[in-house]
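*Asks:* What follows is each chain in one-letter form.
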Amino acid sequence: MLDFRELLATAFDALTRNKTRTALAALGIVIGIGAVIGLISLGESSQQSVASQIESLGANLLTISPGSTRSSGGVRGGFGTATTLTTEDADAIEDASISSVEAVSPEYSSRYQVTTGENNTNTTVVGGRAMYADVHSITMSAGAFFTDRDVENSARAAVIGPQVASDLFGDTATGVGETIRINKVAFQVVGITTSKGGSGMQNQDDRIYIPLTTMQKQLAGVSYVSSIAVQVKEKANLISTENEIGYLLLERHDISDTTTADFSIISQQDIVGAATSVTGTLTALLAGIAGISLLVGGIGIMNIMLVTVIERTREIGLRKALGARRRTIIMQFLAESIILTFSGGIIGILLGYGISIIAAKFLDLPPTLSWSAVALAVGVSAGIGILFGWYPAQKAAKLAPIEALRYE
Amino acid sequence: MMIQTDRLTKVYDLGDVRTVALNAVTFSVEKGDFLAIMGPSGSGKSTLMHIIGALDTPTSGTYTLNGREVGKMNEDQLAEIRNREIGFVFQAYNLLPRTTAMKNVMLPMAYARIGRTERIDKAKKLLKRVGLGDRMEHTSNQLSGGQQQRVAIARALALDPAIILADEPTGNLATNQSDEIMGIFTELNTQGHTIVMITHEPAVAKYAKRVLLLRDGGIVSDTRA
Numbered sequence: 006m007l008d009f010r011e012l013l014a015t016a017f018d019a020l021t022r023n024k025t026r027t028a029l030a031a032l033g034i035v036i037g038i039g040a041v042i043g044l045i046s047l048g049e050s051s052q053q054s055v056a057s058q059i060e061s062l063g064a065n066l067l068t069i070s071p072g073s074t075r076s077s078g079g080v081r082g083g084f085g086t087a088t089t090l091t092t093e094d095a096d097a098i099e100d101a102s103i104s105s106v107e108a109v110s111p112e113y114s115s116r117y118q119v120t121t122g123e124n125n126t127n128t129t130v131v132g133g134r135a136m137y138a139d140v141h142s143i144t145m146s147a148g149a150f151f152t153d154r155d156v157e158n159s160a161r162a163a164v165i166g167p168q169v170a171s172d173l174f175g176d177t178a179t180g181v182g183e184t185i186r187i188n189k190v191a192f193q194v195v196g197i198t199t200s201k202g203g204s205g206m207q208n209q210d211d212r213i214y215i216p217l218t219t220m221q222k223q224l225a226g227v228s229y230v231s232s233i234a235v236q237v238k239e240k241a242n243l244i245s246t247e248n249e250i251g252y253l254l255l256e257r258h259d260i261s262d263t264t265t266a267d268f269s270i271i272s273q274q275d276i277v278g279a280a281t282s283v284t285g286t287l288t289a290l291l292a293g294i295a296g297i298s299l300l301v302g303g304i305g306i307m308n309i310m311l312v313t314v315i316e317r318t319r320e321i322g323l324r325k326a327l328g329a330r331r332r333t334i335i336m337q338f339l340a341e342s343i344i345l346t347f348s349g350g351i352i353g354i355l356l357g358y359g360i361s362i363i364a365a366k367f368l369d370l371p372p373t374l375s376w377s378a379v380a381l382a383v384g385v386s387a388g389i390g391i392l393f394g395w396y397p398a399q400k401a402a403k404l405a406p407i408e409a410l411r412y413e
Numbered sequence: 222m223m224i225q226t227d228r229l230t231k232v233y234d235l236g237d238v239r240t241v242a243l244n245a246v247t248f249s250v251e252k253g254d255f256l257a258i259m260g261p262s263g264s265g266k267s268t269l270m271h272i273i274g275a276l277d278t279p280t281s282g283t284y285t286l287n288g289r290e291v292g293k294m295n296e297d298q299l300a301e302i303r304n305r306e307i308g309f310v311f312q313a314y315n316l317l318p319r320t321t322a323m324k325n326v327m328l329p330m331a332y333a334r335i336g337r338t339e340r341i342d343k344a345k346k347l348l349k350r351v352g353l354g355d356r357m358e359h360t361s362n363q364l365s366g367g368q369q370q371r372v373a374i375a376r377a378l379a380l381d382p383a384i385i386l387a388d389e390p391t392g393n394l395a396t397n398q399s400d401e402i403m404g405i406f407t408e409l410n411t412q413g414h415t416i417v418m419i420t421h422e423p424a425v426a427k428y429a430k431r432v433l434l435l436r437d438g439g440i441v442s443d444t445r446a
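Protein sequences, first through last, are from chains A and G. FYI, in this note's numbering the residues of the first sequence are 6 to 413. FYI, in this note's numbering the residues of the second sequence are 222 to 446.
Please keep in mind that the hints were generated in silico from the structure rather than gathered at the bench. Check each hint, because a few of them may be wrong.
To be verified - One-sided and incomplete, this derived list gives chain A residues near chain G with beta-carbon spacing under 7 Å: (1) L12; (2) L323; (3) A326; (4) L327; (5) G328; (6) A329; (7) R330; (8) P406; (9) E408.
A virtual CB, placed ideally from N, CA and C, is assigned to each residue, including glycine.
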């Protein structure tokens with residue numbers, strides 16, 4: 006056996022003897038590892054982005070939604086069409102003093118036409134209580150959120166998102182003190198929220214918040230709510246709290262069979278899980294395809310190592326004549342293929358990281374380097390070196406010294 | 222006795238054809254001897270050299286080198302014998318390509334796991350001894366044939382082997398370089414090294430103290446100068 010330093014030096018000598026070939030063989034691994042790292046990192050950053058967007062709607066939330074209506078003919082209405090959930094339900098949950106409940110927020114939302122003298126927009130208007138801001142992690146960039154007193158008095162106070170401010174007043178920071186008309190009812194703008202991002206129907210910036218009482222009495226003309234958000238103190242208590250609230254509401258609604266419940270409760274974790282599992286599956290699929298290119302790269306390494314063994318038959322014979330054992334020859338060739346795949350792997354990681362940074366920039370995602378993917382790539386590339394270097398190394402080690410010395 | 226063989230036989234069985242390359246060859250070489258093995262091609266001298274060099278094992282018979290029975294050793298033991306007990310000098314020099322003279326001489330010592338500083342010291346000493354003190358960092362392709370063979374001799378001496386085994390060491394060299402190499406061998410022999418050399422040139426065989434003539438796998442004559 007050679008000592009480690011000698012082994013590495015010998016392998017480096019051999020690899021630098023034909024630089025172009027070495028570089029091309031390593032390129033297969035570079036591309037394979039780069040693709041795997043790039044795609045996994047990109048997938049992880051999109052998962053993180055989805056998760057953080059959902060988390061930004063409020064931490065540790067349970068959302069109670071009404072169930073569907075059921076007509077006498079058995080025709081089932083859409084999800085959330087029932088009108089069974091009320092502010093009294095919300096108060097009951099609060100009064101039940103469930104120790105893990107932090108806050109209860111009954112809400113009613115609907116889309117309305119909103120106008121000023123010059124501009125108009127169509128947006129989601131949410132009616133809530135003052136604690137809505139805390140429960141949904143809403144912060145203000147200008148003015149203040151409406152107060153409990155506003156809710157008691159059914160005040161016509163409106164807090165608008167920066168998108169609404171931009172649509173109505175041409176600037177994301179302008180509007181406090183102005184009057185807007187929601188469905189022809191005049192409201193005074195009391196505050197503007199800070200931007201949260203998001204897009205489409207989920208755009209948190211394209212919202213107007215008004216007191217729940219004002220919403221129910223003056224805009225919607227209803228007495229029920231469209232959802233109740235419950236903030237739980239500890240993440241660990243989400244499920245137990247979900248169950249407690251569930252039983253409480255079943256009792257209040259006089260339902261004994263849980264399958265016929267006229268409401269449903271989902272936790273933030275469920276939403277995050279559902280949303281991220283989709284991107285997770287996609288990421289795994291893409292990484293799998295990238296993995297195939299890695300496999301092809303590995304076969305390229307094996308191919309080049311086989312050629313090398315044949316080219317160096319005489320050298321192997323000489324080494325054996327000078328006292329190299331089988332193991333020594335195996336180690337020498339394995340060292341070469343491992344160095345080849347390992348260095349390819351390192352460059353591949355850098356390439357993959359570069360790809361994920363550039364792609365994240367274009368897709369407006371936070372750039373992430375998936376460390377688990379890096380660990381995997383380092384392991385896999387070294388593993389490929391061993392796996393695909395083993396057969397050529399065995400072939401080299403099995404050469405009979407006389408035959409190898411004679412080889413021209 | 223450095224080398225002792227008893228009815229050494231090698232049979233190549235290639236399916237239909239059975240070739241007897243060596244037929245019960247018995248001879249011995251004492252320490253400090255300089256033996257030339259001669260014979261026409263097909264006489265079995267290469268086969269004999271392979272067995273003496275622990276590159277191959279006999280079909281039957283025994284071969285004892287420096288008191289150890291080599292004929293029945295396994296592959297790793299043979300590798301150790303080649304490493305420690307035999308210094309090879311080949312016709313085609315067989316240096317590692319594009320590798321310095323120093324690294325070539327250090328290679329057998331690396332396989333013997335000798336420390337790096339000791340390897341460097343020994344290799345320098347040996348290269349000076351064969352007259353290449355000024356060419357130690359030259360790579361093999363920067364050296365002439367005669368110089369390459371001198372590196373090979375230095376490499377053969379690296380682990381103070383029991384015998385130096387030379388296979389047509391001057392076969393690729395011009396006469397003047399050939400004389401230089403044979404001069405080195407004679408000098409090494411004078412210093413006490415045991416040398417076994419295969420050659421088909423009578424002029425080269427003259428340097429040896431003793432000539433073994435082979436024909437058809439058997440010894441025809443064994444003459445001492």
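*Asks:* Given a cut of 7 Å on the nearest C-beta pair, is the interface hint for A326 of chain A held or broken against chain G?
*Replies:* holds (5 Å)
*Asks:* Per the CB criterion, is E408 of chain A less than 7 Å away from chain G?
*Replies:* Interface hint status for E408 of chain A: violated (10 Å vs cutoff 7 Å).
*Asks:* Going by Cβ atoms only, is P406 of chain A closer than 7 Å to chain G?
*Replies:* P406 of chain A check passes; min Cβ-Cβ to chain G is 5 Å, inside 7 Å.
*Asks:* Is the hint on G328 of chain A kept, meaning its closest Cβ partner in chain G is under 7 Å away?
*Replies:* holds (2 Å)
*Asks:* Does the nearest C-beta of chain G fall within a distance shorter than 7 Å of the C-beta of L327 of chain A?
*Replies:* holds (5 Å)
*Asks:* Hint L12 of chain A vs chain G: min CB-CB distance below 7 Å?
*Replies:* violated (9 Å)
*Asks:* Take the shortest C-beta to C-beta distance between A329 of chain A and chain G; is it under 7 Å?
*Replies:* With a minimum Cβ separation of about 5 Å from chain G (threshold 7 Å), the hint on A329 of chain A holds.
*Asks:* Against chain G, is R330 of chain A within 7 Å by beta-carbon distance?
*Replies:* It holds, given that the least Cβ distance between R330 of chain A and chain G is near 4 Å, below 7 Å.
*Asks:* Less than 7 Å between beta-carbons is the criterion; does L323 of chain A satisfy it with respect to chain G?
*Replies:* Cβ of L323 of chain A sits 5 Å from chain G, so the hint holds.
Violation of the numbered hints given earlier is confined to hints 1, 9; the remaining hints are satisfied by the structure.
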